[in-house]
Amino acid sequence: MLQVVCVKQVPDTDTRVKVAADGRTLDPNGVTLVLNPYDEFAVEQALRVKESLGAGEVVAVSLGAAGVQTTLRNVLAMGADRALHLRLDAAAPDALTIAKALADAIRGLDAGLVWLGKQAVDDDGAQVGPMLATLLGRPCVSNVSTFELAGTTARVEREIEGGREQLEVPLPAVFTTDKGLNEPRYASLKGIMAAKKKTIEERAVEAAAPHLERLALELPPPRAAGRIVGEGAGAVPELVRVLREEAKVL
Amino acid sequence: MSILVYVEMRDGAVRPVTREVLGEAKRLAATLGGPVTAVACATGDAGLAALGEAGADAVLLARHDAFARHDAAGHAVAVAEAARSTGAKVVLFGASSTGKDLAPRVAALLGVGLAADCTALDASGGRLVATRPVMAGKAYERLAFPMSPALVTLRPKVFAPAAPEAGRTAAVQPLAFTWDAAAPRAVVTGTTAQTGGRPDLTEAEIVVSGGRGLKGPEHFALVEALADAMGATVGASRAVVDAGWRSHGEQVGQTGKTVSPKLYVAIGISGAIQHLAGMSSSRCIVAINKDPEAPIFKVADYGVVGDLFEVVPALTDAVKRMH
Ligand SMILES: Cc1cc2nc3c(=O)[nH]c(=O)nc-3n(C[C@H](O)[C@H](O)[C@H](O)COP(=O)(O)OP(=O)(O)OC[C@H]3O[C@@H](n4cnc5c(N)ncnc54)[C@H](O)[C@@H]3O)c2cc1C
Ligand SMILES: Nc1ncnc2c1ncn2[C@@H]1O[C@H](COP(=O)(O)O)[C@@H](O)[C@H]1O
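Heads up: the sequence lines are chains A and B, in that order.
Under the numbering used here, the first residue of the first sequence is numbered 1225, with each subsequent residue one higher.
Under the numbering used here, the first residue of the second sequence is numbered 51, with each subsequent residue one higher.
Excised from the complex, chain A in its bound form (with noise of 0.2 Å):
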């Protein structure tokens, strides 16, 4: 069986936000870019079910600038057997605009799982996943915390708020993973090594009319400055009666 991982480069989670000249967009100086943490699920769980049948291949697809072949590799050093770069280089293309670059690649791949990551700690849209199973007429699970294959029927679960829920869904279909799936790999040496032979494809994608304008990228108001109320178990009366009194929270 084939599978597809879809990733997506971001800025680590590390990265204090600074916003660019123009107002829009994250200020690239110094920010480090790296797979989405989310996507790491994906691939490890692709990796997985190609291990446990013993045959397949994974392809492992971004959209982006030239510099997402970074990631592809780290992705194919992870085990993945090719990439594709679907070259975009306009900065933050929105998620449908995504979506349909990813559905326009994946149509002519006869994949029977399409693993997506739950969300890009970018954006954090929680979109793409969704939107691509929908353009491609495919069943979808978002946010799988479980997976089990059986034959051609996946069961998987999902949180929903106060409990899970569990599903039943027939491939070929598309999965966003969620953090508890699995525990992803590092890298191996002999990893690195093999995914220098290993082939990225490159594919231009025309920019087409954006779904959504950004007007403006802003830092959050800052908090107004908190005090210490005391130390040690004698603050507590006057933090009950703060939380009470000023906060009017308890």
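No lab work stands behind these hints: they were computed from the structure.
One thing to keep in mind: the hints can contain errors.
What the hints assert, rightly or not - Okay, the calculated beta carbon distance ranges per label pair:
no., chain 1, residue 1, chain 2, residue 2, range
1, A, ALA1433, B, GLY94, 38 to 46 Å
2, B, ARG333, A, ARG1331, 41 to 49 Å
3, B, ARG60, A, ASP1236, 34 to 42 Å
4, B, THR81, A, PRO1394, 25 to 33 Å
5, B, SER135, A, PRO1394, 43 to 51 Å
6, B, LYS265, A, LYS1421, 42 to 50 Å
7, A, ALA1245, B, GLY281, 43 to 51 Å
8, A, GLU1437, B, ALA96, 39 to 47 Å
9, B, GLY94, A, ALA1290, 53 to 61 Å
Glycine residues also receive a C-beta, built at the ideal position from the N, C-alpha and C atoms.
We have chain A already, so just place chain B with the ligands on it with the hints.
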């Protein structure tokens, strides 16, 4: 300007976030004009007319027996159909686990953009502008919608429900929509409720979170006792989730849940940038930490410097005595 609101239901009951979304729809209608139409996917119309009290002017019911269990793909088709038939300019959903999964499908069907997990909407200039956090709240973006309808999911607990208009009912009309019986679909086979009976993290009014300062999973009993006394839900830092002391569902932060309760209590949590990202939009933050230099104190409204093993039991007792 017609506004459409997706009615989120579970086990035949309307979920609380729907009242928040209807409240915002009603406020938008005051500037943009109405009507506010609610669209529900259900097996019957029980309880839907009462959505009038929460702000709906009319209700469209997509009725199907398969809707006894949640069916995201089926709901998406119905909501897209409702958007077309009402000529909606704005379609609103709650940014719950259900709404976040559904809205992108509707956006793909309609070929329009979606602003997800918004914390403010502004229609004052006659056009809709949505504000939403990115990078788990380290920054906010403001978005405009070049296409119609504008699709928006609203973060739970941020928008207030409208004051209920007792006795106001909304007429429930059937919605004609396509049901593709042959389409392969994901089928919900069951649900399990979380044990403990506390509200969900993202819906809780008060969250009490513990970190590595607790020294071991057994000491989370202190956090739970305080949470019980406050009627709160328990959260955790990633350090303790990765250590296996707490479940993944409890993690607060950039790779966990983003929460905005009215009160957030951080116990033995240092305040790493990834943790702060998930809780800095809480209305009031309390930190209990023995290190006066801990970064958590930079965002805390009220801090107590001290040993949590002394402070937390004393606080639990004091809160219990209040009642
Ligand atoms: C990609 C990535 C994503 C991440 N995502 C998240 C995320 O979503 N959420 C998250 O929380 N973290 C996240 N992290 C981890 C984050 O960087 C920190 O490592 C983590 O938040 C630290 O958890 P902690 O505060 O419990 O532990 P520590 O940093 O070890 O802090 C423990 C605190 O307890 C205090 N303490 C110790 N003993 C006592 C005592 N007796 N009484 C009172 N105070 C005491 C100490 O002074 C200290 O401040 C992420 C990291 C990465 C790399
Ligand atoms: N540019 C991209 N290229 C490939 N996959 C992407 C891209 N953007 C998002 N994705 C995938 O979609 C998931 C959800 O992203 P988002 O909807 O932006 O939160 C990510 O975790 C990735 O798996």
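Quick check: does the Cβ-Cβ distance between B/THR81 and A/PRO1394 fall within 25 to 33 Å? 46 Å, violated
Holds or violated: the 34 to 42 Å window for the beta-carbon distance between B/ARG60 and A/ASP1236? 37 Å, holds
Taking the Cβ atom of A/ALA1245 and the Cβ atom of B/GLY281, is their distance within the range 43 to 51 Å? 47 Å, holds
Is 39 to 47 Å right for how far apart the beta carbons of A/GLU1437 and B/ALA96 are? Because 41 Å falls inside the window, the suggested range holds.
For the range 38 to 46 Å, tell me whether the beta carbons of A/ALA1433 and B/GLY94 fit it or not. Taking Cβ atoms as reference, A/ALA1433 and B/GLY94 lie about 42 Å apart, which means the hint holds.
Take a look at whether the Cβ-Cβ distance between B/GLY94 and A/ALA1290 falls inside 53 to 61 Å. Taking Cβ atoms as reference, B/GLY94 and A/ALA1290 lie about 55 Å apart, which means the hint holds.
Verify the CB-CB distance for B/LYS265 and A/LYS1421 against the hinted window 42 to 50 Å. Holds - the Cβ-Cβ distance for B/LYS265 and A/LYS1421, about 48 Å, lies within 42 to 50 Å.
Does 41 to 49 Å hold as the CB distance between B/ARG333 and A/ARG1331, or does it fail? 47 Å, holds
Range hint compliance [Cβ, B/SER135 to A/PRO1394, 43 to 51 Å]: 30 Å, violated
When each numbered hint is compared with the structure, violations occur for hints 4 and 5.
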